[in-house]
Amino acid sequence: MTLYLDGVSKNYGDVEVLRPISLEVSNGELLTVLGPSGSGKTTILRLIGGFIAPTCGRILLDGKDLSTTHISKRPFNTVFQDYALFPHMTVEQNVGYGLMVKGCPKEKMKQVVNEALDVVGLSDFPGRYPAELSGGQKQRVALARTIVCEPQIVLLDEPLSALDAELRRQMQFFLKSLQRKIGTTFLFVTHDQQEAITISDRLVVINHGGVEQVGTPKEIYYSPKTKFVAGFFGDNNLLDGQLTASGSIETPLGTIPSLQGSNLKTSKVIVAMRPELFRIGKREGAFNIDCQVQNMDFAGDMNFLRLSPKLDSDRTLLVKLSSDPSVPNLDVNGDATISIKLEDIAVLDNPR
Amino acid sequence: MHKTNTEHLIDVFLGLITAGTFFVLYMPIVVNSIFSLVPSDRNGIHWGEASFEWYWRLLENESVIAAIKTTLIVSVIAVAIAAILAIILAIYVEWEGAVFQRTIELVVYTPFLMPPIITGLSLLMFFDRIGISRGEATIIVGHTALVLAVLYRLVLTRLRAMPHTLVEASADLGATRLQTFRYVVWPQLRPAVITGAVLAMAVSFDETLITVFLAGDTTTIPLRLWGMMRVGFKPEINALVTIVLLVSIIMAVITAIRIKPAEGNEE
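Residue numbers (my numbering), protein chains in the order written: chain V, 1 to 352; chain W, 353 to 619.
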């Protein structure tokens, strides 16, 4: 199974919700569409599901155009943000709905529904109504309801956004293991960076109705291609830089020697340095920055260190240090040198 | 909390007003019901001779029975047609992005808000123009137009409260539009339709003014009552009024009970 979005876009009147995008979804992967609210990520899901029609472009499933195929005939099933469980039906009836409307025999239906409830760990509540279930349980029912239809892709529209933090982590883990177990392609939409990085095989980062970057969680996290992506994950330290003829980069905090493997297109660049990749102390062959310590906050598993560089004291750099008790406290207003390895620095084009 | 004397006085005063209101509103009903059971003449009220005699007489009165039959037929058919129309209109307005949404709502609500005498008269003139003779059918049309507003309002409110994702989910799981209506939409609307139907029945049951214009030779209960009163004031009338009242009150109570929990899961 391969799903291919070929230059698909969506306009509402004059408003361009989704700029023409091309995207390939391959078999068995958990692909996440990530973006801030209003970025058009849910639109992508609704276009694939068939709830709305694209303004331009084609949606191809194994080369076959789905544009004229009705929602009910597409081999995709959706888990809705509000779960959309039928309130007047029991868990069993909800899960069996897709089979019931297709005229599946009762015996077979019961068997398939029981298997699905077993997979999502809800075999104890077939007779309950949605109102009697917790958020996490509703979520599982919604999942079971889609997988009994044996879809080629399960579309999940921010399915965890209504759950509290702890349950959310559990469900992330559950979703990922379920996806591995049944081997079905999942297309997951979320605005939560952490969630996206945790569960995805691949990520599509969307902003202002356009694709910013596609890649594995590690690629997206460590090698952002755009300023938006660089700033979207964690508390990245971003600097403006100027590429020189020799290949080194001039920044307000000093010159970074030439970096290997960078293929930059513009001479204006953005330098991104992850707060957790800094170390305290000068290192040979690394980018060293002399700073004054502003403050150091203990946050349990981390120490948050804020420093102002000597060369540009209006700026604040954030450094995350492990909260190993042996790490000595730094004096506020004291001097400290922080360093980051050259290969840990991400440099990206700054077309503006 | 301890209350001052003034506050006690206010409490008593408010209580008296409430009691007075109830007395004025309900006393005639009580008196009427009593006189349908207890005979009275110049010598006074004969409490000891209470009986259901006048009710039995009503049952033997063929014209009254016919009126009751007509009333039931008219209200059941009118409410049924109005219910179907209300569901279609509400779905059209709410989901299909009706072209003349405002106009539709105006048309639906107008007969209910206009003075009945105007509604009755205009329908009469209309039927007369196109040459339809008056009878049960024309009363049904009049009542349908009248009660449509009640049903439409209740169905629309319920439809708005229902998340549209339920419909999308149903289609997503492979249901046809008809299956979606049958298995998802109708079970959600059913409580509202039943409540609306009871309320509409109550309205149709004692509707008089529009009916006067559209009845022709047909007689409904209110018209029969009107006719009986012109002849003379007999306890039979008390009995009939009591029946009408009881039916109306029962339907009002059913509606009140059903509308209250309509926010939660009433099924």
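Honestly, the hints are just simulated from the structure, not real lab data.
Quick caveat, the model's predicted, so the values are computed rather than measured.
Wrong hints could be hidden among the right ones.
Ranges of calculated distance between the beta carbons of each label pair, as one might list FRET restraints [stated by the list, open to error]:
#	chain 1	residue 1	chain 2	residue 2	range
1	V	Pro36	W	His516	22 to 28 Å
2	V	Asn329	W	His516	35 to 41 Å
3	W	Pro515	V	Thr216	31 to 37 Å
4	W	Thr528	V	Lys106	16 to 22 Å
5	V	Lys265	W	Gln453	31 to 37 Å
6	W	Thr455	V	Tyr4	17 to 23 Å
Where is the CB? At the ideal position from N, CA and C, for every residue including glycine.
Against the structure, the hints:
Separated by about 24 Å at the C-beta atoms, V/Pro36 and W/His516 satisfy the suggested range of 22 to 28 Å. One distance hint, 35 to 41 Å for the beta-carbon pair V/Asn329 and W/His516, is violated here, with the actual separation near 56 Å. A hinted range of 31 to 37 Å for the beta carbons of W/Pro515 and V/Thr216 is consistent with their spacing of about 36 Å. Separation of W/Thr528 from V/Lys106 is about 20 Å and conforms to the stated range, judged on CB atoms against 16 to 22 Å.
As the Cβ distance of V/Lys265 to W/Gln453 is approximately 52 Å, the hint placing it in 31 to 37 Å is violated. Between W/Thr455 and V/Tyr4 the Cβ separation comes to about 45 Å, which falls outside the hinted range of 17 to 23 Å.
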